[in-house]
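Enquirer: Starting from the known structure of chain A, arrange chain B with the ligand on it as the hints suggest.
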Amino acid sequence: MRFGLSEDQTLLDATVRRLLADQAPLDAVRAYADGGDDHALWSTLCELGLGGLLVPEAAGGLGLGVLDAAVIAEALGYHVTPAPFLGTAVLFPRAVTAAGLNNDPVWQERLGAVVEGGLRIGVAFPQAGGQRSRDSVTAAGENLSGTVTLALDDAADAYLVASNDGALWWVEASASGCAREAFETVDRSRRSCRLTLTDCAATPLTQDPAVLAELRAVAWVILAADSLGAGRAMLDKAVAYAGEREQFNRPIATFQAVKHMCAEMAAELEPCTALVWYAAHCQDHIRDEALTTAGHAKALLGDVGQFVAKTATEVHGGMGFTDLVGLHYWFKRIGFNRQAFGNPQRVRAELAELQGW
Amino acid sequence: MDLSYGPHYEAFREEVRSFLARHSKDAPRGEGLRSEKVLAWQRLLIENGYAARTIPKAYGGYGAAPDILESRIIAEEFAAARVSPGLGGQGISMLVPTLLEVGTEAQKTTFIPPTIRGEMLWCQGYSEPGAGSDLAALRTSAVVDGDDFVVNGQKIWTSTAHLADWIFCLVRTEPEAPKHQGISFLLFPMTTPGIEVRPLVDMTGVANFNEVFFTDVRVPTRQIVGQRGEGWKVANTILGHERGSLGDPNATMTRFNALLELMRRETVDGQRLIDNPLFRDRMASLQSRVLAMRLHDMRLLSNKVNDERAPMASLITKLQGTELRHELEGFAIDVLGELGLAYGDNPDKQDGGSWQTSYMYFLGLIIGGGTSQIQKNIISERGLGMPREPKLAK
Ligand SMILES: Cc1cc2nc3c(=O)[nH]c(=O)nc-3n(C[C@H](O)[C@H](O)[C@H](O)COP(=O)(O)OP(=O)(O)OC[C@H]3O[C@@H](n4cnc5c(N)ncnc54)[C@H](O)[C@@H]3O)c2cc1C
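In order, the protein sequence lines correspond to chains A and B.
Going letter by letter, the first sequence gives residues 1 to 357 in the working numbering.
Going letter by letter, the second sequence gives residues 1 to 394 in the working numbering.
Don't read these hints as lab results, they were simulated from the structure.
Keep in mind that this is a model prediction, so the values were computed, not measured.
Don't take every hint at face value.
Said to hold, decoys possible - Now the in silico label distances, taken between C-beta atoms and shown as ranges: (1) A:E244 with B:T267: 52 to 60 angstroms; (2) A:L11 with B:H23: 44 to 52 angstroms; (3) A:I286 with B:P66: 23 to 31 angstroms; (4) B:A79 with A:D208: 33 to 41 angstroms; (5) A:L11 with B:P7: 24 to 32 angstroms; (6) B:A310 with A:R18: 20 to 28 angstroms; (7) A:R250 with B:E174: 26 to 34 angstroms; (8) A:S174 with B:A80: 57 to 65 angstroms; (9) B:N250 with A:H285: 15 to 23 angstroms; (10) B:H8 with A:N143: 56 to 64 angstroms; (11) B:P66 with A:Q23: 44 to 52 angstroms.
Idealized CB from N, CA, C, for every residue including glycine.
Same shape as in the complex, but just chain B:
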């Protein structure tokens, strides 16, 4: 065990801190995605290497060599200072890494710079009404006509489609091929004629995801990423990225501490909530599990730094991280009881009503990006080497 990052990194940490001390006054606090404040902050972060750090300069990034600990220190210091760490979203976190791996030179120079600067927003068009967990069953079709693909079909649960400039989309180009081999990965603007976006209100009351309909949408053939029929492989380079980032244990620890504060402040029958022995036991139990997940995350970080593999360790993070967070948020509602029901514009809401909202939001994350049941399939098959279920005879 050697938990210190070493002198080089401690010096780096000081640099980050001094940047934050000088500039955090300019950080956005809740401004909209396209506001000048957000965009200016993003540019400043890239210039200083605190966003798009390892993206090559040629594509508008900062061009540093990948260094896991430096990235971690940046994340830690921005979180500690409660300053926006810059833009995320599906374009930056999923599409850009994919293009870096498998995009053409032209695609990289065209799409990466505006995406990392926050000027080009993306949505992810994978799921369909008939293709959720079984994503490879997707049916949206793309047929070549001259220099274009012509796309027809429907996507669903497409987060931020109503805000996005572009979509990265899985379509079926080879209907005769086995289902995983007939898929292609296309990029096109949401303003292309033939696209209709219909917002779907989710259980929190917000319309953050959508149905997206395609009718004869023309997409130039050069806007395919990877080869025809390789879309499944292309998509899987990033599904891995997505899974690791859900249910961040440090955020869960922050929520745990907020809950503890709440339980020391609120009383029932003249007794602080935290003095109720059942609640106390449950809190300590949650704390054990949050701590274990944080340490588990350090173990994963260490594995990356030292180039060591522990396959099972990374397979469990989405399942455990999202379930634990959901449970924590739900427990907060329990300790509040009737007061925990306050919602919407109710002035009695505690902590901005975030307990109810997050309780629901994290249920969304349990389902999205591969449900908990699908995670268990993956853990048992890839982690424990158990057999797949036999296919049903047709």
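Here chain A stands alone, though its shape is the one from the complex:
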């Protein structure tokens, strides 16, 4: 019996974290936020195998699972790394597998390109966080029309698009009738776009809406893991800052009010680790619990993330509020993760429904 990470997972985690600390420090995040691009970094990460994490071995990938992806997501969140991880490395291969297309040469070739880092895939689900009147995608034959207000990745080569009926499609960014414009969000560590499709040619992956539900659950887990990592980074920064900053002739870390803020962050974050691991594990191994555990992880990390983001900022005083220490990148990333694919209130309503309350 072992509830936790395997040796391989621990090693992968350490390797990725070392690389990120070395090659993607806050300055790199700032450069991306100021309009730079993340292609070079993503290539480097793909050399480590991140692109092919969930791609079957037959297609040249590592054939790993959602728990491995969650470990990586936590590391990316810790470093607020700009990377097209969720769409390209997680949801796309997962969609191909769920749609039963792993042995199809066309899809195999695309998976192969993902492994190499030469193909990035965005995500455009009009119903990702509950369908708003401005969001809608309908199909006429194999042509799609409509708008998705917030699509992940403004620089993707292709998008995984859901139509209103829950079917999944592949749309190339260069196709005629596919237009995207920046959808600026508060989180500048990853960029989003508004995707508008006008009678745009698409390739179907599946008509089965259960696949979309499965992808949303996996996205919930990955976003939760990302917030867990970002939250842990904020706690570490708060503890470090409190040890250095002096007021009233003593480090503020000796003030009990400050210590208790840090203790509360730690106490809230700690059980989240077990929840994220388990929810991730369920996606591949305990199907019955996959949706509910993913929902719990997403909802809880939305709330705990928000609490930690606020509290860690407060520990930094005015410095926390400035751009100087850059703490706001974590604050905003956590804010993004909280809303994307359904905020805690939305997800909890679905959880109640799912359990037949």
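Expert: Okay, now just chain B with the ligand, sitting in the frame of chain A:
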């Protein structure tokens, strides 16, 4: 992740189940601590290795090698069958492990067998009016006179002192030494002349804890555990045990499910309580946290089994476990509204009035055994490595 316990353990689980199938009819259901039914059940459990499992045979136990998963399976199966898992209490859960670590051979053979059989009940005499969170400030004194210590002073909040046969007690033997180094750990019968027990009624209306006064109480010097002046260390071997056992997440999950049942059954304005969107949201949110604590508990179990350390993980359980349980019980009262006020002998009480009682009881657990604030001190200092507060100049 490997969540299976493996074939050896599944076979063990079957054994436990078959024991329960054969014997659960003999289990006590609410009989008093000293009833023959309770004592007989305890003896049967020890004989079969379901209580005092790892206590050596020489001290009246079953003598199995410690195996965390076997112990867990026993607990899981007894809980699932809703059958009494045998006696607990401060003697069994705190004193016996301490004696096993630091007691003399004579102390082990004298005290452990009757304690685990439930024939010798104990209370814990630590807190004093002037020494609560700052326990090491305790002042009850013990002065050597011939072969005896002579004990004078007062304890407070002593749970079950009115029922106990014996007390394990912290006293000051070296008044001149620094405060942590002048304490000793003594054992003595509650029938010793000079002891007066005055019950204290707690907020639930029950007198479960007491004030205990000592006037020239004579305790033979051999009844000290550990050396003179080492009582603080001795006591700390078990304070750790206590912290881990409060706010059990599986019990909290059981309560959550009971609350869900209640909310499906009760209606307000013709609407089931669970259909109120605010209540629904709050329930799902509580469920997330209860689930997280249960999984966290599995992670701790796994760490023990695989001999891995995650210090922060164990430091947070008392704080999070008791606070969460208290919040859950309080939320049940909220959803019931005015009906949630029913108390005492009121026939309209829901679920035996347990929501109100537990709401208060768990506030007691938040305070007892190291308050939430003290837990946060510990988390920040031992878990996060933050500095202690500077001492005030005298
Ligand atoms: C139900 C129950 C059963 C108990 N059973 C027993 C028993 O069997 N035997 C026994 O010996 N004792 C027992 N106790 C006593 C218990 O251990 C103490 O109540 C507890 O340690 C707190 O001490 P106190 O009551 O003196 O509160 P105080 O220490 O006076 O605390 C009052 C407030 O001050 C805060 N505070 C104190 N020091 C600090 C600090 N350094 N930093 C921040 N905040 C601080 C506390 O958190 C609390 O909010 C029991 C208590 C309860 C409630």
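Enquirer: Could you run down the list of hints and mark each one as holding or not?
Expert: Verification of the hints:
Roughly 57 angstroms separates the CB atoms of A:E244 and B:T267, a value that falls within the hinted 52 to 60 angstroms. In this structure, A:L11 and B:H23 meet the distance hint of 44 to 52 angstroms, their C-beta atoms being roughly 48 angstroms apart. Judged by the Cβ atoms, the range 23 to 31 angstroms given for A:I286 and B:P66 holds: they are separated by roughly 30 angstroms. The supplied range of 33 to 41 angstroms is met by B:A79 and A:D208, whose beta-carbon atoms lie about 40 angstroms from each other.
For the pair A:L11 and B:P7, the supplied restraint of 24 to 32 angstroms holds, since their beta-carbon distance comes to about 29 angstroms. Separation of B:A310 from A:R18 is about 21 angstroms and conforms to the stated range, judged on CB atoms against 20 to 28 angstroms. The beta-carbon spacing between A:R250 and B:E174, approximately 33 angstroms, falls within the hinted interval of 26 to 34 angstroms. The beta-carbon spacing between A:S174 and B:A80, approximately 59 angstroms, falls within the hinted interval of 57 to 65 angstroms.
A beta carbon spacing of about 22 angstroms between B:N250 and A:H285 agrees with the range 15 to 23 angstroms that was offered as a hint. The given range of 56 to 64 angstroms is respected by B:H8 and A:N143, whose C-beta atoms sit roughly 60 angstroms from each other. The hint said 44 to 52 angstroms for the Cβ distance between B:P66 and A:Q23, and at roughly 47 angstroms that hint holds.
Comparing the model with each numbered hint stated earlier shows that all of them hold.
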